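K.L.:
Starting from the known structure of chain A, fit chain B onto it as the hints suggest.
In order, the protein sequences belong to chains A and B.
For the first sequence, position 304 (counting from the first letter as 1) is numbered 340 according to my numbering, and the numbering increases by one without interruption.
For the second sequence, position 75 (counting from the first letter as 1) is numbered 182 according to my numbering, and the numbering increases by one without interruption.
Watch out, some of these pointers could steer you wrong.
[To be verified] Here are some of the chain B residues that sit facing chain A, going by a computed Cβ distance under 8 Å:
id : residue
1  : S179
2  : R204
3  : A342
4  : T385
5  : G389
It should be emphasised that the hints constitute simulated quantities derived from the structure, not laboratory data.
None of these values were measured; they are calculated from a predicted model.
The beta carbon of each residue, even a glycine, is placed where N, CA and C say it ideally should be.
Letter by letter, the chains look like this.
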Amino acid sequence: MSSTVTRIRVAAVAAAASIAVLAGCSSPAPSGDSASADACAPAKGKVTLQYWNTVPGMDEVVALWNKKNPNIQVETKNISNDQYGTIGNALKAGKAPDLAQVGYDELPNLRSQDAFADASACKAATDAKSAFVPWTWSQASFGGTGVFAIPQDTGPMALYVRSDIFKKHGLEIPKTWDEYATEAQKLHKADPNLSMTFFDPNNAEWFNGLLWQNSAEMYSYSGDKWHVAVESEQSKQVADYWQKLIDAKLVRTDLAHGSTQMYTAYQKDQIATYVGAAWGYSMFRDNLPKQAGKWSIVPMPTWGSSAASGDWGGSTVAFMKGGKHPYESVKFNTWLNTDPEALALENKLGGLYPAATAGLALPALSQGVAYYDNEKIFDVFAESSKNIDTEFTWGPTQKTVNLALQDAMAKATAGDGTVADALTAAQDAALKSMKDQAIPATAGK
Amino acid sequence: MTDLATRATRGVATTEGRRRRHNGGGPRAGTIAAFVTPFFLPFVLFYLVPIGYALWQSLLVVRRTGGQYGTSYTTFGGLEQYTQVFQNTEFWGSIGRIGLFGIVQVPVMLFVALVMALLLDTPLLKLKAFFRISAFMPYAVPGVIAAIMWSYLYSPQISPVVDLLKGVGLQPDFLGPGAVLWSTANVSTWLWTGYNMLIMFSALQSIPQELYEAAKLDGASNWAIAWRIKVPIIAPSVVLTTVFSIIGTLQLYAEPAVLRQISSNISSTFTPNMLAYTVASGNNYQQAAAISVVIAVITFVLSFGFMRLTSKRAGL
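Chain B with its partners taken away, still in its complex shape:
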């Protein structure tokens, strides 16, 4: 952190120095504006405004005036919505479920991605372009479509996979109460492994070949090169993909929402985002806003926390 702070201070100092030198740069301000506006306008409109709006909504409560149906209006309610979120067992249930999901799915997926990236990077492998594209292919499939596809493979009535397994005397229940979380994890893993692999593979490509030659001259085996040179160098990419995966896990929605169509073991509050959607669809927008804000904060804390934890080791 101190390192970061110093860097930041240095940055500010340099800018100020430059500004002093170009005193009274009127046209320059215009130029800067011309370059910055295309970013800044959508950033404010589609990013800052919605966040501010959600924060504001989360502080409101619904009140109503008379009659059987009455007329509703909203008023400031302070932290009432947040108190409700923290007391909501469904909310903590969904967080716990997704925590379990992430602790298992993220390491498995990234390990597979890393192994695949390292394999692709070995000089031994032929048809590299083919393997690279095939591994990346699932990422080109939209999450919803992937989930629909897998739901056919899981479904006991129509799945050829289930038929095959039954043929050898197994009774798989991919959609059962104990298995459905892992069936969902499998869809996510299938979708994202190739994507993560590609990030790691790109990092591997940028390592200068001389390093390997030097290592070989020193008598290093392929295994040693992979483990002692390649992995440490691409560690920042691994950290990055982990952070993306943590965020992705906390925002899990499409896959379980699709599988829910065929498995009653996925409740309407299965993941935090599904809970937020369910609450919003019951017209409780203020509560849904509070849930979203809490999810965002948890995501922020976890991803930022993970980066801090690993930044020193990964040499970031």
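In isolation and in its complexed conformation, chain A is listed as follows:
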């Protein structure tokens, strides 16, 4: 008898454990995609808004708002741990907050899951357009007239350089990617334990930033169809370039971005540069305090002679479906992302580089930064920000594409295939995942 019970229990446990993961997922209810024409009237009496974010120190910014606005109180929740899983589950459960932080690359995905409310009925929301760097507004409004999110920060890219290592080995600041490769070779020859940088195969977001710089527009929409060009001439150029550096062992491939291992390698003076974004400035400052004064920030190398830059990361604060207070949400959201006092605090505590054009001229962002030898590093990022291709569009299944890209790039760094093959894998994943989501798509531009 006991063995029968055991058998049934064993099978039951097995079935339950693998299925329990899926409990709580449900299909989104069909509803209109068009802008909801909800009136934008202020609420009577006190309102409490829910705002989910991933930025360190955001509670202090919100405390400042709460002090000034007794009738619109904001409650924050940090969702850094599994940001999109948390948002996705909340949406399915019908318990999404009023406002949530969403990265630019996740916007189309969540939009196709019907996650957002359109705040364009509020004049303050549409008026905010002129306050932001054009590409950020374009991505948050999906190139249309709706206002689904307010841009918060961006990640204009630049090159972080260890000046002391460069000086020691007589290297010059590279202006183009070709020069960067030449200097990388020189450095490696001078000391085989030194690498110019690292290529993290598990970081599609970073790689996408490099593609963006080379005008590799991966998606477009026309004729009722998405056009998928993840595998384009421009992206292949980037892939082949890094493949060469990997093959020649001029860049490390064993470091994950942001890991203890990465910081250790920098700490041990093994790596001379970092191809990064604006928000990285506080990362180095906070994690490698002993290297103060050794770093400097210069424009990222370019492909041709004309200046071009890419963006890596950055976020918006989105209006979530089901939010009941559009007027108050817009009021708080625009304050959060345009008010000089709020922006300065976010930059200081969370390292955010504002998406608001006025933010770029903040006093805090025009001063020298002590860690970087008092260089005016934000001037470099402001310049970079101006040189970002505004046409770049993210796909509606970006997360799946990124994972496919990462898996294949990892294979490439392990010697199985090339980075260019990874683009093919990502292209296939894009088409397949869009088909699975019944989104009409075709290959090519």
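P.N.:
Frame of chain A, contents of chain B only:
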């Protein structure tokens, strides 16, 4: 199976007989309900409903109406999701990987556990309680924490182990493409050996001492006692731990997911459960449900199959 069926039929017959004797037992039904409900309610809510829900989800497909982003809705799609699972090379890749993992890791772990249990059971060993607790200790560490701990030991940049090995002229690459599966297996083995040992050890404890005395009188050595008496008697425990291990292997998630943070050689589809998670995180819940159902069926078939295969030999 016939044996089982007979037992089952006998069971039913007895219950029916009893019921006839207590005809019209109204309050008794209430009593039964009072005892059964605390089990039955959570069983339905947290077990049957999720399974049913996953099965239902796996039969759906997403469709969409117009526009660049459109509006999605789900509709019945029959076995379409399952067809996709069976055609998915990533899925079969993950099953193959985990199969290889299990074929090596499970026997190694259980053999070590068995040897440890037998050693603990010998009268020669001193400080038994100490050894028992130390061997069991890793099980008290949550899988995620264990994986984080091992990831530090594997990591070439910060590991004292790697430094030591380099000191004697070796170049270990625990996270390399060929080694990472076995580094993961090592974490699982470390975590679960003590647990399995304890199950086997408890079984050993329940063997009456007279048996050993009788064997000794017959001139049996300690080795013969261990191999010819102890192991056959605790065979059901070994079978049980094997079944648990088969299930555990097929559901492997935490260890590789943590090691993935530092090794790019663990893909997002490394194990079947990781694949299901990856697919679900891409909003393809229906496909993820189908993958989960297939994993559950494979687990069921393997564990049930193993029990059938061994039930006669193990005397179950």
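K.L.:
Decide, hint by hint, whether the structure agrees.
P.N.:
Evaluation of the provided hints:
| no. | hint | in the structure |
| --- | --- | --- |
| 1 | S179 | holds (6 Å) |
| 2 | R204 | violated (13 Å) |
| 3 | A342 | violated (12 Å) |
| 4 | T385 | holds (6 Å) |
| 5 | G389 | holds (4 Å) |
Hint compliance for this structure: hints 2, 3 are broken, all remaining hints hold.
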